[in-house]
Structure formats: C-alpha cells, structure tokens
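Engineer: If you want the building blocks of each chain, they are given just below.
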Amino acid sequence: MLLLQIDTALIIEKAILISVILMGSLGVAMYATWAERKVAAIMQDRLGPNRAGPFGLFQPLADGLKLFFKEEIIPDRSTRFIFILGPCLAMLTATMTSAVLPWGPDVEMFGRTVSLQVADINIGILFVFGVVSLGVYGVMLGGWASNNKFSLLSSIRAASQAISYELAMGISLIALLMMTGSLSLKDIVEQQHGFWHDGYFTWNFFKQPLGFFIFLICAFAELNRAPFDLPECESELNMGYHQEYSSMKLGFYLFAEYINMFISSAIISTLFFGGYNFPFMDKVQAAVPGGVFALACVGALMTKVVCMILFFMFIRWTLPRFRYDQLMKLGWRTLIPLALVNMLVTGAVILFTMENPKPSEKKTTEQIETELKKAQAYNGKVN
Amino acid sequence: MDIYSILFWVLSVMAVGCALGVILSRNPVNSVLFLILTFVAISGHYILMNAQFLAVVNMIVYAGAIMVLFLFVIMLMNLNADVEPQKGQMVQLAGVISGGVLFLIILAALKTAATIEVNPTSTDIGLIGNLGKVLFKQYILPFEISSVLFLSAMIGAVVIGKKEPGQDLPRSEEKAVQQ
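Residue numbers (this note's numbering), protein chains in the order written: chain X, 1 to 383; chain Z, 1001 to 1179.
Hint data in this document are derived by calculation from the structure and do not stem from the laboratory. We put the CB at the ideal spot given by N, CA and C, even for glycine.
DSBU-like, lysine-lysine: derived pairs with alpha carbons at most 30 Å apart:
# : chain 1 : residue 1 : chain 2 : residue 2
1 : X       : LYS149    : Z       : LYS1162
2 : Z       : LYS1162   : X       : LYS329
3 : X       : LYS329    : X       : LYS149
4 : X       : LYS149    : Z       : LYS1163
Far from chain X, by Cβ distances over 12 Å, these chain Z residues were calculated:
#  : residue
5  : ALA1041
6  : GLN1089
7  : VAL1091
8  : LEU1093
9  : VAL1096
10 : LEU1107
11 : ALA1108
12 : ALA1109
Taking the hints into account, I'd like the entire structure generated from these sequences.
Structural biologist: So, in structure tokens, the structure goes:
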C-alpha cells in the first residue's frame, strides 16, 4: 500500500474552491449570452429575448436544453477523434486559466487561513499566457478535422491572428511587470491595495495607460470578438471554424468563447484595475468582520468584471469588422512598435528614479553565487 | 515510493510513449499532437525540479508557438498518410542502423560527461528571479551574443520574406500557366 502524506483538509478546501470557481464561470458565461442579446437589442432599439421567464431570464437554460437535444452529426469524411477533441480542448483551456487568479483576500475559516486562489505560483501571469497560447489548438484542430475548406480557412486565420497579437500582448505586459517586479498575480494585486497612496493612484491603469490600451486591443483579438472576429466572419466564411459542428459540440465552442471573455475580463481587472481592491477598503476592513470583508472584496472584483464584459459587448455592437490585411497591419506595424516604445520609456523612467536595491535582494544574489561556486567546485572534482 | 517518484514515473512514461508516437504514427497531424504531448510531459519534469519558469516558457514557445506553425504548414500542404512516400526496406534498415549508432555515441559521450548534482526538491535556482540574476550577472556575454544571433535571424527572415520591388509573383505565374 502506498503511504502518501496528503493534507486532506487542504484537498477538500481546494476542491470546494475549484468547483465554486468552475460553476461561477459557467454561470457567468451562461448569463453573458443573455446579456449579449439584451445589449444588442437595446443598442438596436429592439426588445431582445423576453419570452422565457421574467425579462427572458430563462433564455440561456432554454438555449442549453435545445443544444443538448439537437441531433449529433459527425461528418463522414472528418477525422473523427480530432473532430471530437477540438471542442474539448477549447473548453479545457478556457476553464484552466482561472486557477491562478486571486478572487479575494485570505479568509479565516474554521481555524484555518483559506486563500481564495487555487494556486499562488510565482509565475502566475506566464501560466495564463501558456494556457492562452494552447487555446488556439481547439479552433485549429476543430477546423481542420471538419474537412471543409471554409472551416480550414477560418482556423488558419484564427491561428495567425492569435500568434500575431500574442506578441504585442506580451510586450505590453513586460512594461507592467517591470513596474510590479513580480509575476505572481497575488503580489500584483496586493501592490494595488486601496485606491490612493503617497499622492497617486495605486491601480496600474493610472501607471500604464498605454500598456492597458494595447493589452485591451490584443485581448479583443485573442478572444476572436468583434471588431476582430475574422475567424467566424459570416459574410466571407459562412460560419467559420464551427460550421460542421452541431449539438453540444457547437455549444462547447460558443460557451468556451464566453468563458474566455469572463476570464480575460477578470485578468484585465486584476492586472490594471486593482483586482479585489476598492477605495476605502481599510476603513471597511476595520468596521466589519473578516468574512463580510472578503465577500465585499469578491463583490468589488465581480463588479469590475461585469463592467468589463459590458464594455466588450458595447464594442462588439458599435464597431464594424476589420479587413484581414488591416488586422495584420494593426498588429505588426502599430501595436508592436507602440508596445516596444512603451517598454523603453517605462524602463528609462524606472532606471532614473530607482532607489538602491534592498539588502534582502543583495543577499539572494550572494547566495546564488556561492551555490554556483559550489557546483563548479564539484565539477572540478569529478573531472 | 513517494508522490515525487510516482509523478516522475508517470511523466517519464508519458514523455517516452508520446515521443514514440511521434515517429510511429502515419498521419503527420497525429505526429504533431504527440509532439505537443511530449512537450507537456517535459514541462511537467521541469515543474518537478521546481523550474516553473522554464516549464511555462517551454509551453509558450514550443507547444504554443512553434507547434502551431508546424500544424499550420501541415494543414496548408494537406499532408496525409496516403500521400506519404513509402520507403524501401533497405532504406528503413539503413535508417535504423545509423540511428542506433548515433544513439550509442550519444550514450557513450553522456556516460563520461560531468553533471552538476542538483537536489530536485530543495533548490530554487529555476525560479525566475534567481534565473534572471544568473543570466544577467554570470552569463551576460553569452546571453547578449545569443540575442544578437536571434536579431540577425529575424532580420534575415524579414529580408527573405520581403517582396522585391516590381515583383508580383502570383500574377506572373498565372500568365505563365495561361501561355
């Protein structure tokens, strides 16, 4: 028998947290479909869904039910395994990103300190990038396996768009990371504590406005949302990469898109708008018990996320779609040079206003050097 | 057997199995998918050695960018199992023998090479802060030289990809076909 030393309480705690986050993101994505239709309707002076329940609130349930009961068609000449793998990958990568996001401050519960973050790894934001860069496989494989030229064209568009905009996104983030000095999302959020400190805003949006705009545009492109929804542009490609899909597989693709929108709104709020921090939070913390304060923090984050999602929707129903060469030109010739300039300026400002390095940092450098010397000495012995 | 060695064995079996899948599968798209899984397994090994940065960069660069380009090319050229040229038995035999000899040489070279002993559970040399300090203090010159190499490769790619003035390739080809 294997004797594994596992902290059972920790496992239970994380399992509960993961299920709550998963259910939460599915729920938000579900109602994002409803909100999108309502927003579109209001902006076009229509009523929108209003039959199922009050204000059409049961519409997403009806849609989901409809998708489940539709006939499942797998094209004869498709590559069957990869055809099924496509939507699974899209869903998997959409839900994986939420693991490193801090949803709230630590809570004291049943004598334990519970962290409202599934995993605080010290490369949090890079993990997000890793998962996002894998996200394109769902679209690519699905489009290829359908054995349809429109699907294939659309998936190739999606891949080249994603790769082009990932570059500008990464470079715009480097400027931000130079200021925070940490890749951990928890650290980044804690540095933006409150709203006002030492005569300036603490939120990164006010320190990196250009970086934020570049990041936002790239987020639109990565999400395949209008005005960058070229992979599914109806007028050129019929329906896009999910043309051959039916039933719940199609549902997975559509749903993954909304989950991605929720998660990227949460990431933008975390990076640039202070995450779960809100103005006067210290006074609130002193006045109410810890659990209520944590709930208020989660509520603040959710408010920011909902505002971000609404903003995504307003843009979709306002701007027309880009042409493909315009998209590439914007990405390569405008956003990347702009992000590089932003990075250089940020670096110069940090260099000229930097204080002396803290003693704790010096120590770690020395430690590394001794470790390396030890390794070299060991090498010498072996040789 | 602790959790560390269980994970190690699972990841190792996955890495070797998927690497075999890369060369054994007939369909090039399947090969690419197996290669991605191999990268995932190798990233898992990095995480076991507490080198989180390397693991994630391996995922972003290799699995996320390079393999997407591979897949791109394979999809555009529509390479399938039935298009693949079948090689004769002699060629296959020669391949196996030369590959085996190469494997033997690498094994012999690695056997006598010196290795740095790293305690996999307690070191934090792979964390991003320490890695950056080592790169920019100890190995600054090689690091800068390799970045210049990358830059020149990038410029070379742009030069090759650029259309020469007056050259309009697709139309001239069309004309040639018509004539």
